[in-house]
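Colleague: Each chain, letter by letter, is given below.
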Amino acid sequence: MKISLGDLARLTASDLSGDSDLIIEGVNTLDDAGKTDISFVSNPKYKKNLSTTQASAVVLSPDLADGYSGNTLINADPYLTFAKIVHAFHAETITTGQIHSSAIISDSATIGHNVSIEANVVIEEGVHIGDNSVIKAGTFIGAQCKIGESTLIYPNVTIYTDTTIGARAIIHANSVIGSDGFGFAPQQDRSWYKILQVGNVVVGDDVEIGAGTTIDRSALGSTKIANGVKIDNQVQIAHNVEIGEHTVMAGGSMVAGSTKIGAYCQIGGQAGIAGHLRITDGVIITGRAMVIGSIKNPGVYSSGIPADENRKWRRNAMRFRHLDEMAKTLKKIEKQLDQ
Amino acid sequence: MKISLGDLARLTASDLSGDSDLIIEGVNTLDDAGKTDISFVSNPKYKKNLSTTQASAVVLSPDLADGYSGNTLINADPYLTFAKIVHAFHAETITTGQIHSSAIISDSATIGHNVSIEANVVIEEGVHIGDNSVIKAGTFIGAQCKIGESTLIYPNVTIYTDTTIGARAIIHANSVIGSDGFGFAPQQDRSWYKILQVGNVVVGDDVEIGAGTTIDRSALGSTKIANGVKIDNQVQIAHNVEIGEHTVMAGGSMVAGSTKIGAYCQIGGQAGIAGHLRITDGVIITGRAMVIGSIKNPGVYSSGIPADENRKWRRNAMRFRHLDEMAKTLKKIEKQLDQ
Amino acid sequence: MKISLGDLARLTASDLSGDSDLIIEGVNTLDDAGKTDISFVSNPKYKKNLSTTQASAVVLSPDLADGYSGNTLINADPYLTFAKIVHAFHAETITTGQIHSSAIISDSATIGHNVSIEANVVIEEGVHIGDNSVIKAGTFIGAQCKIGESTLIYPNVTIYTDTTIGARAIIHANSVIGSDGFGFAPQQDRSWYKILQVGNVVVGDDVEIGAGTTIDRSALGSTKIANGVKIDNQVQIAHNVEIGEHTVMAGGSMVAGSTKIGAYCQIGGQAGIAGHLRITDGVIITGRAMVIGSIKNPGVYSSGIPADENRKWRRNAMRFRHLDEMAKTLKKIEKQLDQ
Numbered sequence: 004m005k006i007s008l009g010d011l012a013r014l015t016a017s018d019l020s021g022d023s024d025l026i027i028e029g030v031n032t033l034d035d036a037g038k039t040d041i042s043f044v045s046n047p048k049y050k051k052n053l054s055t056t057q058a059s060a061v062v063l064s065p066d067l068a069d070g071y072s073g074n075t076l077i078n079a080d081p082y083l084t085f086a087k088i089v090h091a092f093h094a095e096t097i098t099t100g101q102i103h104s105s106a107i108i109s110d111s112a113t114i115g116h117n118v119s120i121e122a123n124v125v126i127e128e129g130v131h132i133g134d135n136s137v138i139k140a141g142t143f144i145g146a147q148c149k150i151g152e153s154t155l156i157y158p159n160v161t162i163y164t165d166t167t168i169g170a171r172a173i174i175h176a177n178s179v180i181g182s183d184g185f186g187f188a189p190q191q192d193r194s195w196y197k198i199l200q201v202g203n204v205v206v207g208d209d210v211e212i213g214a215g216t217t218i219d220r221s222a223l224g225s226t227k228i229a230n231g232v233k234i235d236n237q238v239q240i241a242h243n244v245e246i247g248e249h250t251v252m253a254g255g256s257m258v259a260g261s262t263k264i265g266a267y268c269q270i271g272g273q274a275g276i277a278g279h280l281r282i283t284d285g286v287i288i289t290g291r292a293m294v295i296g297s298i299k300n301p302g303v304y305s306s307g308i309p310a311d312e313n314r315k316w317r318r319n320a321m322r323f324r325h326l327d328e329m330a331k332t333l334k335k336i337e338k339q340l341d342q
Numbered sequence: 004m005k006i007s008l009g010d011l012a013r014l015t016a017s018d019l020s021g022d023s024d025l026i027i028e029g030v031n032t033l034d035d036a037g038k039t040d041i042s043f044v045s046n047p048k049y050k051k052n053l054s055t056t057q058a059s060a061v062v063l064s065p066d067l068a069d070g071y072s073g074n075t076l077i078n079a080d081p082y083l084t085f086a087k088i089v090h091a092f093h094a095e096t097i098t099t100g101q102i103h104s105s106a107i108i109s110d111s112a113t114i115g116h117n118v119s120i121e122a123n124v125v126i127e128e129g130v131h132i133g134d135n136s137v138i139k140a141g142t143f144i145g146a147q148c149k150i151g152e153s154t155l156i157y158p159n160v161t162i163y164t165d166t167t168i169g170a171r172a173i174i175h176a177n178s179v180i181g182s183d184g185f186g187f188a189p190q191q192d193r194s195w196y197k198i199l200q201v202g203n204v205v206v207g208d209d210v211e212i213g214a215g216t217t218i219d220r221s222a223l224g225s226t227k228i229a230n231g232v233k234i235d236n237q238v239q240i241a242h243n244v245e246i247g248e249h250t251v252m253a254g255g256s257m258v259a260g261s262t263k264i265g266a267y268c269q270i271g272g273q274a275g276i277a278g279h280l281r282i283t284d285g286v287i288i289t290g291r292a293m294v295i296g297s298i299k300n301p302g303v304y305s306s307g308i309p310a311d312e313n314r315k316w317r318r319n320a321m322r323f324r325h326l327d328e329m330a331k332t333l334k335k336i337e338k339q340l341d342q
Numbered sequence: 004m005k006i007s008l009g010d011l012a013r014l015t016a017s018d019l020s021g022d023s024d025l026i027i028e029g030v031n032t033l034d035d036a037g038k039t040d041i042s043f044v045s046n047p048k049y050k051k052n053l054s055t056t057q058a059s060a061v062v063l064s065p066d067l068a069d070g071y072s073g074n075t076l077i078n079a080d081p082y083l084t085f086a087k088i089v090h091a092f093h094a095e096t097i098t099t100g101q102i103h104s105s106a107i108i109s110d111s112a113t114i115g116h117n118v119s120i121e122a123n124v125v126i127e128e129g130v131h132i133g134d135n136s137v138i139k140a141g142t143f144i145g146a147q148c149k150i151g152e153s154t155l156i157y158p159n160v161t162i163y164t165d166t167t168i169g170a171r172a173i174i175h176a177n178s179v180i181g182s183d184g185f186g187f188a189p190q191q192d193r194s195w196y197k198i199l200q201v202g203n204v205v206v207g208d209d210v211e212i213g214a215g216t217t218i219d220r221s222a223l224g225s226t227k228i229a230n231g232v233k234i235d236n237q238v239q240i241a242h243n244v245e246i247g248e249h250t251v252m253a254g255g256s257m258v259a260g261s262t263k264i265g266a267y268c269q270i271g272g273q274a275g276i277a278g279h280l281r282i283t284d285g286v287i288i289t290g291r292a293m294v295i296g297s298i299k300n301p302g303v304y305s306s307g308i309p310a311d312e313n314r315k316w317r318r319n320a321m322r323f324r325h326l327d328e329m330a331k332t333l334k335k336i337e338k339q340l341d342q
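Protein chains in written order, with our numbering: chain A, 4 to 342; chain B, 4 to 342; chain C, 4 to 342.
Honestly, the hints are just simulated from the structure, not real lab data.
Just so it is clear, the structure is predicted and the values come from calculations on it, not from any experiment.
Each hint should be verified, as a subset may be incorrect.
Taking lysine-lysine pairs in the DSS-like style, the calculated list, with each CA pair at most 30 Å apart, reads [said to hold, decoys possible]:
#1 C/Lys263 <-> A/Lys38
#2 A/Lys315 <-> C/Lys263
#3 B/Lys338 <-> C/Lys315
#4 B/Lys197 <-> C/Lys263
#5 B/Lys331 <-> A/Lys331
#6 A/Lys38 <-> A/Lys87
#7 C/Lys227 <-> A/Lys50
#8 B/Lys338 <-> C/Lys335
#9 C/Lys315 <-> A/Lys331
#10 A/Lys48 <-> C/Lys263
In isolation and in its complexed conformation, chain A is listed as follows (with noise of 0.2 Å):
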């Protein structure tokens, strides 16, 4: 594909800097990009890369295009410029409109429009799927779920019956919604018995989902996830769970049953949520972070000790394990001293 600079600039509303002729073939990071590509800086970092790139023409911040005398892209938002150049040269996957002859669907399934089922999709009885849909090889869709307009889900997927997900969502490969909530009832001889797990899971519009994430199904009611959410690889998110618009979290971050998070959070990744709890909106919880009480303002939260030199981090380890001891007894010292 080739597009000009200047219909570059048209269409992501930047001002531009040298020759709006330029013929664009593709676009590349600062490093590898060829003499046809178009590239970016939005982290101040990679500023001296500049000198040494390539590309025929970057994107820039007004400050870093400063003193640049390439042919450039000026907004205030490179990152979101290069993100919308991307989607101008690479197209998304679409539908194919076909049903593959090795797919199983029920009779009362309803499909819509212009979806494509791949090889070895399974749909279980009264499924809908929205129109111009695509449902990838090997997922399997279960009894009643509805599926959204223009969705993808990558292959071998698995949905549990009753789940409900909105339009434009995008689900990766091996993921798992409206498994089991982990609900047990101790008994007498303590062993233990099966909370039936009768709820079901609702995601919304515009979610996006990793792979190998797992969303449990709710005990009772649903587990929520908010138009707009973006889960990366590899996240849990237990039964009742509530996770707000356009909250995003990061890789192997967990939230144990029952906790509600609000709108536009982000959460790091392996950060641990427990259950529960109430994180208000705007909350940012940092990689790995261990979170066990509500969170009522919004801000930056954090936990975790830093990697250090193995022979340190044991010393200093160790000591944790009488940080008690050591304040009382500079508590001590303190009043002794001041009498």
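Following the hints, complete the assembly by docking chains B and C onto the known chain A.
Modeller: Okay, now just chains B and C, sitting in the frame of chain A:
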């Protein structure tokens, strides 16, 4: 389904306060219950919702029931009582006794009576499936596996060769049982020589295994999951591990190789247990704890730093790197003051 | 299979003490070995079991062999020696050279000689599978993927388009290679704009990838896993990450975007490495460590608080929140005493 409150009292051996002829048609939470639903309170935290619920009857403990005027089932264990009522209203997945024409089953496999085998299931040579079991779509069962009676295996599960699974087990979607343990011997050129994993996995009766969970086969001998063990989603159990009866493991918890965990333990979410340890019976390990030594006494064990405002955490985490020096300084001062 | 002890000595270049004509029929642990088995001790911790084992021969290091009177293979590296003996007794999975009739293979795919493709495998257009490779049931291989020779892919794996995998790789069940990196640009209305991930994943030769592991394709360019890398279960590798030769990563470890890890590193279980870092060659990161800065020098790095009795931990964790104040108080006191 309609069941009278009197019948529910008899079914659960509860005392009844109110109208025994009242017809109940479903179960729900206090908040979401409609006028024909029964609900419950087990966590006193939710007692306040009793005044606003529309539920026509509630399961309560004797102390919560005292002073409540609505229709009540009174039982010392409201949670277990409610779990039994949910079972009364909701049938569990049961076998249809049908084998789908797309299933690929080795001639040497033996399939019990009244077994469901759904679309695209693959069953290799020498496998045995017990009576009344259900194998859902896309699941792979490797050669020589033995699956007990009335066991339910959800879609897209992979069970490697020689795995044994007991009766009444529930195996959730996209889990993997019997994959190779992670064992490599270092060679002189610093590359790794694979230790073939020639053991297997043995899973007992009444075990539940969550979605996306992985359990590795042993190098030699068996990785063992005892009767009644309940394992949540995305749990990782390494080779040669043994988990004792009725132990529960929450989402994302992981156990390294050759560790033996006793019976009646509770392992919290994202907890990590190092290899070659022994955890005695009745140990509770709280969420995100890091266990690097054996535990000989029952009790509750924890670690981890709860999240704090980022600004404060950063300062404290920085200080942690000097905790050993702080402890030494403190000792020196104590000595100085003693003199 | 029967192999004489003399042949095993020759095969592994070990010294033999005892009966070279002794017939060995299998391998096992010291505890479980029967009278025709060979076993080994590599961890001196298990030396005591030598007195009770029924094994007819044992692999020992020279110092452990000294004073042991049974049949012995003596080798400076008993673990590697035993690994080679296990290979002698147990054949690895090998190709049957057959393509199952239910496999769905694009006409434009090129399949090498003597390849096994099992039931319900889906292979899209332009894929190449190298000679002697085995693709097990239910695995999906997207368009334009290249798979090397003698590679083994277990069931229900999903490999996205344009992925390259080298020779002699082992890919375990339900892993995902090539899923979209997690990249979104924030928009003015606080919703997220997807950064199309138009790069790919390139996996070298002799790589092993564990069950349920996920490796994301890059935004631009390639996510790179070098030759000889060994990755355990439920590992997450984000977009644009590079892992150097012969590095090993244990279960549940995760690496965020664009980080480069060197060769010969060892990453412990559940460790987390933040994005945009560089970890030099030969770094060992212990289990559960949190790495948030680049590491320039080889060595062992650690973090995390080992579990303690809950009652004690709670007090110490509470004190951690005031560690900075404690340090300041301590400094003040030191100063006061100095004067």
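Colleague: For every hint, state whether the structure bears it out.
Modeller: Verification of the hints:
| no. | hint | in the structure |
| --- | --- | --- |
| 1 | C/Lys263 <-> A/Lys38 | holds, 26 Å |
| 2 | A/Lys315 <-> C/Lys263 | holds, 25 Å |
| 3 | B/Lys338 <-> C/Lys315 | holds, 25 Å |
| 4 | B/Lys197 <-> C/Lys263 | holds, 25 Å |
| 5 | B/Lys331 <-> A/Lys331 | holds, 15 Å |
| 6 | A/Lys38 <-> A/Lys87 | holds, 20 Å |
| 7 | C/Lys227 <-> A/Lys50 | holds, 24 Å |
| 8 | B/Lys338 <-> C/Lys335 | holds, 17 Å |
| 9 | C/Lys315 <-> A/Lys331 | holds, 14 Å |
| 10 | A/Lys48 <-> C/Lys263 | holds, 16 Å |
In terms of the numbered hints stated before, the structure departs from none.
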